[in-house]
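Given chain A, work out where chains B, C and D should sit, using these hints.
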Amino acid sequence: MEKDFWITDQPIEINDVVEKVVRPEAGAINTFIGTVREFTKGKRTLYLEYQAYAAMAEKKLEEIGQEISEKWGDAKTAIAHRTGRLDISDIAVVIAVSTPHRKDSFEASRYAIERIKEIVPIWKKEHWEDGTLWIGDQKETKSYEENRPAKEEIIND
Amino acid sequence: MEKDFWITDQPIEINDVVEKVVRPEAGAINTFIGTVREFTKGKRTLYLEYQAYAAMAEKKLEEIGQEISEKWGDAKTAIAHRTGRLDISDIAVVIAVSTPHRKDSFEASRYAIERIKEIVPIWKKEHWEDGTLWIGDQKETKSYEENRPAKEEIIND
Amino acid sequence: MIDVLFFAELQETVGQEKVSLQVEGITVKDLKTKWLAEYELDNIESAMVAINEEYAEEDAVIASGDVVAFIPPVSGG
Amino acid sequence: MIDVLFFAELQETVGQEKVSLQVEGITVKDLKTKWLAEYELDNIESAMVAINEEYAEEDAVIASGDVVAFIPPVSGG
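Residue numbers (the numbering used here), protein chains in the order written: chain A, 1109 to 1265; chain B, 1109 to 1265; chain C, 85 to 161; chain D, 85 to 161.
Among the hints, erroneous ones may be present.
Stated by the list, open to error - Lysine-lysine pairs mimicking DSSO-like chemistry, simulated, CA-CA at most 27 angstroms apart:
no., chain 1, residue 1, chain 2, residue 2
1, A, Lys1111, A, Lys1211
2, A, Lys1149, B, Lys1167
3, A, Lys1128, A, Lys1167
4, B, Lys1167, A, Lys1211
5, A, Lys1149, B, Lys1128
6, A, Lys1184, B, Lys1211
7, B, Lys1167, D, Lys113
None of these hints come from the bench; they were simulated from the model.
If we strip away everything but chain A, and leave its shape as in the complex, we get:
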């Protein structure tokens, strides 16, 4: 794998992402792994389907990595996001950020996942027992919108 930011329709190996950011300057690596949750507000998910505008999504993931380098100085970021059908507990996204000190790694990794949910063209379709829905439409994202921190909150988290 040549890239540090990539979209793939294959299962993501956590190590493939982490090894991109291991380096002598780093004492801390924070990894965020998003997995498919079975129940959301009591509703059972059977499986998910992720779609991406892959070329643009990879550019935007890379942009997030650049933003992190600007905000936290000596940070190195790698992100992989999967597309296609994902079953319960499958890995949808892996973020790894290495920094000299641990505090920055936590903050930067948190920043990355919040930014993914704002600017990266990837979509999730829920498959429930009683139907399907592309998440992100105005009806169903209400709770998502409420949960999404304002930019200031993310940065100061």
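Coordinates of chains B, C and D only, in the frame set by chain A:
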């Protein structure tokens, strides 16, 4: 590996820790990986040596997992810490915390690493070009003590 | 000629991933209100627009050869 | 008899990991000031103490068969 909290003198596989916390209820897994940093305040580390009071350390790691379950509700934690000689970029500790929602996973994982540095009987000996030192003695931990957040800060982080 | 890409529920409504149109020099707004009117894309107003993989505004002008993408609210992660 | 465990720089000063003492019913403080005085452990006051793998106070009484460990400031992670 039967345990969710363990001390080992063998290299730690990140996946071995993460797989302990994967479950259908989880949508988020935060992983903190501590690696051996080459330079600290301009001083070059050749390698580190970790020593543990293994039986007690495993109990204390497990206690941290219990504290996390009490503080964040539906969280599952696994932690592995290595002992013996570690070279630059080797993994010293892997923490994985899974939660239904991502915010909790970040907070709980951060809490875990701070608590490890407070209560778990593990010691690090620095091997520099010009000498060695068990870190944690009163002279050399000044900066460490200063960097250590007060309990309130950790919890509200 | 321009290519117009659709994703998620927009793609399902249009029935295809890509539509090619013999047009140029129009704005994004023109594209939505005139050229794509036939698809009756109720949700298109909540979508962001990208031209050649960069987010663009309503009044951006689309040149020949551009790839325009409609980006419904994203839900990755 | 009790076992006393040393770690990190204390272990290096004592020259061994474990010392067994024919004693019981003394406090942690007694152990430090009387029974371990010969080792001249300057840093022992900055160490926490565990009895049978649980942190204990200075005035805790050590029973026969107990394992007492001196825990210098930790530095794991």
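Here is what the structure says about each hint:
no.: 1; hint: A:Lys1111 to A:Lys1211; result: 26 angstroms, holds
no.: 2; hint: A:Lys1149 to B:Lys1167; result: 35 angstroms, violated
no.: 3; hint: A:Lys1128 to A:Lys1167; result: 17 angstroms, holds
no.: 4; hint: B:Lys1167 to A:Lys1211; result: 25 angstroms, holds
no.: 5; hint: A:Lys1149 to B:Lys1128; result: 24 angstroms, holds
no.: 6; hint: A:Lys1184 to B:Lys1211; result: 22 angstroms, holds
no.: 7; hint: B:Lys1167 to D:Lys113; result: 25 angstroms, holds
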